[in-house]
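Enquirer: Residue numbers (the numbering used here), protein chains in the order written: chain A, 1 to 176; chain B, 177 to 303.
Derived by calculation from the structure, the hints in this document are not laboratory data. We put the beta carbon where it would ideally sit given N, CA and C, even for glycine. Any given hint might turn out to be false.
[Claimed, not checked] Not close to chain B: a few residues of chain A, all C-beta gaps over 12 Å, as computed: (1) Asp-2; (2) Arg-46; (3) Gln-79; (4) Arg-88; (5) Phe-95; (6) Met-100; (7) Ala-107; (8) Phe-158.
[Unchecked claim] Facing chain B, from chain A, some residues (calculated, C-beta under 7 Å): (9) Ala-22; (10) Val-52; (11) Gln-53; (12) Leu-91; (13) Leu-96; (14) Gln-99; (15) Arg-103; (16) Arg-154; (17) Lys-161; (18) Gln-163.
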Amino acid sequence: MDITRNYFEILGLPVSFDIDQAQLTERYRDLQKQVHPDRHSHQSDREQRLAVQYTAYLNEALTTLKSPLKRAQYLLSLQGIDTLSDSRTQLDPMFLMEQMELRERVADATDHDDPGAELEQLEALVGAELKQLQSAFVKAWEGQQLAQAEVLVRKMQFASKLQSDIEALEDRLFDD
Amino acid sequence: MAYSEQVIDHYENPRNVGKMDADDAHVGTGMVGAPACGDVMRLQIKVSDEGVIEDARFKTYGCGSAIASSSLVTEWVKGMTLDQASELKNAQIAEELALPPVKIHCSVLAEDAIKAAVEDYRNKQKK
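Could you put the whole structure together from the sequences, leaning on the hints where they help?
Expert: What follows is the structure in structure tokens.
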């Protein structure tokens with residue numbers, strides 16, 4: 001396995017946002033079998049160390065490509081755009097205002113007459129927003145409008161955070 | 177990670193949480209967000225005709241350090257002129273709250289929020 005190659009190449013997938021998830025899992029399993037440290041236990045220390053290194057790289061590749069947000073961030077990082085340690089705080093105010101309002105609703109959901117229904121509605125709203133941001137990202141990415149793609153990834157980061165907050169709240173409220 | 181006493185104090189007793197009428201000509205609103213952690217912050221100031229900040233409110237969805245940073249800024253800017261407020265530096269916030277290096281970006285967020293609020297107010301006055 002050549003770990004100087006990117007995650008898409010390692011897994012034999014096109015370098016694009018739209019990837020076949022079934023294919024991703026299948027390729028991952030095939031490769032994982034080949035490089036699994038147990039298979040190399042009879043080999044030299046060096047071979048074994050490499051096997052561990054390959055497995056780690058492969059796992060990282062799977063985690064990254066499976067998540068839409070991480071996949072988008074990775075695509076940009078391949079173009080030298082770092083959105084992971086992003087410290088810029090200016091984003092269009094309308095978007096931030098909308099995020100604020102959604103967060104206020106999530107925070108108030110526990111006092112709602114029907115918290116379950118309210119959270120479900122919020123989840124649907126955020127889910128639809130994420131989908132829309134993703135398809136806008138694909139368009140920008142394929143059109144090589146990288147600055148635009150970067151802004152969309154930042155927005156996806158906010159929406160994803162909100163989505164996981166909603167899920168966490170649902171778990172806390174209903175899964176006791 | 178352990179929070180400093182100052183952060184915990186602001187987190188447990190946040191000052192000036194709330195909302196002002198964003199359409200009021202005397203109110204400046206700053207909206208900022210930290211993409212890396214998904215934090216959102218709204219900071220508002222009410223400015224007198226003499227250009228002095230009379231009141232400030234904030235609402236932050238984020239970690240303890242982000243809440244503490246914005247809470248502290250709303251305390252500090254009351255009584256300041258617009259120029260003084262826009263000269264606030266994140267390093268002062270980080271120092272006062274004893275923020276660890278990984279949380280410095282929270283103080284940056286608060287600095288950017290007050291700057292955005294001042295700018296919003298000034299833009300309104302031009303109209």
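Enquirer: Each hint needs a verdict: does it hold in this structure or not?
Expert: Quick rundown of the hints versus the structure:
1. For A:Asp-2, the requirement that its beta carbon stay farther than 12 Å from each beta carbon of chain B is met, with the minimum near 30 Å.
2. Taking the minimum C-beta to C-beta distance to chain B, about 36 Å, the non-interface status of A:Arg-46 holds against the 12 Å cut.
3. With a minimum CB-CB distance of about 17 Å to chain B, A:Gln-79 clears the 12 Å threshold, and the non-interface call stands.
4. Not every C-beta of chain B lies more than 12 Å from that of A:Arg-88, the closest at about 7 Å, which undercuts listing it as non-interface.
5. The beta carbon of A:Phe-95 is not kept farther than 12 Å from every beta carbon of chain B, the shortest such distance being approximately 8 Å.
6. Consistency note on A:Met-100: stated as away from chain B, yet its beta-carbon is not over 12 Å from all of that chain's, at 5 Å minimum.
7. The claim that A:Ala-107 is not at the interface with chain B is violated, since a C-beta of that chain comes within 12 Å of its own (minimum 8 Å).
8. Listed as outside the interface, A:Phe-158 is inconsistent with that label: its C-beta sits roughly 5 Å from the nearest C-beta of chain B, within the 12 Å cut-off.
9. The interface hint given for A:Ala-22 is broken, as the beta carbon of that residue sits about 30 Å from the closest beta carbon of chain B, more than 7 Å.
10. Of the supplied interface hints, the one on A:Val-52 is violated, with its beta-carbon coming no nearer than about 28 Å to a beta-carbon of chain B, more than 7 Å.
11. Of the supplied interface hints, the one on A:Gln-53 is violated, with its beta-carbon coming no nearer than about 27 Å to a beta-carbon of chain B, more than 7 Å.
12. Using the Cβ-Cβ criterion of 7 Å, the hint placing A:Leu-91 at the interface with chain B is satisfied: the shortest such distance is roughly 5 Å.
13. Residue-level restraint check for A:Leu-96 holds (minimum Cβ-Cβ distance to chain B is 4 Å; threshold 7 Å).
14. Checking A:Gln-99 against chain B by beta carbon gives a least distance of about 5 Å; that is within 7 Å, so the hint holds.
15. Annotation: interface hint on A:Arg-103 holds; nearest CB of chain B at approximately 4 Å, less than 7 Å.
16. The beta carbon of A:Arg-154 comes within 4 Å of a beta carbon in chain B, closer than 7 Å, and the hint placing it at the interface holds.
17. For A:Lys-161, the interface hint holds, the least distance from its beta-carbon to any beta-carbon of chain B being 3 Å, beneath 7 Å.
18. The criterion of a C-beta within 7 Å of any C-beta in chain B is not met by A:Gln-163, whose closest approach is roughly 10 Å, and the hint is violated.
The structure fails to meet hints 4, 5, 6, 7, 8, 9, 10, 11, 18 from the earlier list, while all remaining hints are met.
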